[in-house]
Amino acid sequence: MDRREFWKMKKIFEGTVTSVKMQKTVVIEIVRKSPHPLYGKLLRRSKKVKADTGDLQLNVGDKVKILETRPISKEKHFRVIEVIK
76 MDRREFWKMK
86 KIFEGTVTSV
96 KMQKTVVIEI
106 VRKSPHPLYG
116 KLLRRSKKVK
126 ADTGDLQLNV
136 GDKVKILETR
146 PISKEKHFRV
156 IEVIK
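Position in the sequence shown (first residue = 1) + 75 = the numbering used here.
For the record, the hints were derived by calculation from the structure and aren't laboratory data.
Being a predicted model, the structure only gives us computed values, none of them experimental.
Any given hint might turn out to be false.
Below, computed lysine to aspartate or glutamate pairings styled on EDC-like, alpha-carbon distance capped at 16 Å [claimed, not checked]: (1) K125 with E104; (2) K125 with E143; (3) K160 with D137; (4) K138 with D127; (5) K149 with D137; (6) K140 with E89; (7) K85 with E143; (8) K108 with E157; (9) K123 with E89; (10) K160 with E143; (11) K96 with D137; (12) K99 with D127; (13) K151 with E104; (14) K149 with D130; (15) K140 with D127; (16) K125 with E150; (17) K116 with D127; (18) K123 with E150; (19) K108 with D130; (20) K96 with E143; (21) K96 with E157; (22) K122 with E157; (23) K140 with E157; (24) K160 with E104; (25) K125 with D137; (26) K122 with E89; (27) K123 with E143; (28) K123 with E104; (29) K99 with E157; (30) K85 with D130; (31) K96 with D130; (32) K86 with D137; (33) K140 with E104; (34) K99 with D130; (35) K108 with E89; (36) K138 with E157; (37) K86 with E143; (38) K108 with E150; (39) K116 with E143.
I would like the entire structure built from these sequences, with the hints used as guidance.
Right, dumping it as structure tokens:
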């Protein structure tokens, strides 16, 4: 299995940076819209996750792409791979 194929198996999410108060870690809010099971109205569902930044300098409000990885710490399971805005 090639390294590029292995990356395709991992999940990639887009989110907004909500906190940068930790060293090498940011809190990212992932928003998804799902329909109500009975009425069909689109509902806004959000989840906050912690992600490793490496050497990237991020600010609150930045749009980023994160990649699912092995557990880095107790609550960190994602890594920032790209800054969109």
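Here is what the structure says about each hint:
no., hint, in the structure
1, K125 with E104, "9 Å, holds"
2, K125 with E143, "11 Å, holds"
3, K160 with D137, "6 Å, holds"
4, K138 with D127, "15 Å, holds"
5, K149 with D137, "24 Å, violated"
6, K140 with E89, "5 Å, holds"
7, K85 with E143, "6 Å, holds"
8, K108 with E157, "22 Å, violated"
9, K123 with E89, "12 Å, holds"
10, K160 with E143, "20 Å, violated"
11, K96 with D137, "14 Å, holds"
12, K99 with D127, "6 Å, holds"
13, K151 with E104, "14 Å, holds"
14, K149 with D130, "20 Å, violated"
15, K140 with D127, "12 Å, holds"
16, K125 with E150, "7 Å, holds"
17, K116 with D127, "34 Å, violated"
18, K123 with E150, "11 Å, holds"
19, K108 with D130, "31 Å, violated"
20, K96 with E143, "21 Å, violated"
21, K96 with E157, "20 Å, violated"
22, K122 with E157, "19 Å, violated"
23, K140 with E157, "5 Å, holds"
24, K160 with E104, "15 Å, holds"
25, K125 with D137, "14 Å, holds"
26, K122 with E89, "11 Å, holds"
27, K123 with E143, "14 Å, holds"
28, K123 with E104, "4 Å, holds"
29, K99 with E157, "15 Å, holds"
30, K85 with D130, "22 Å, violated"
31, K96 with D130, "15 Å, holds"
32, K86 with D137, "20 Å, violated"
33, K140 with E104, "11 Å, holds"
34, K99 with D130, "7 Å, holds"
35, K108 with E89, "13 Å, holds"
36, K138 with E157, "9 Å, holds"
37, K86 with E143, "5 Å, holds"
38, K108 with E150, "24 Å, violated"
39, K116 with E143, "29 Å, violated"
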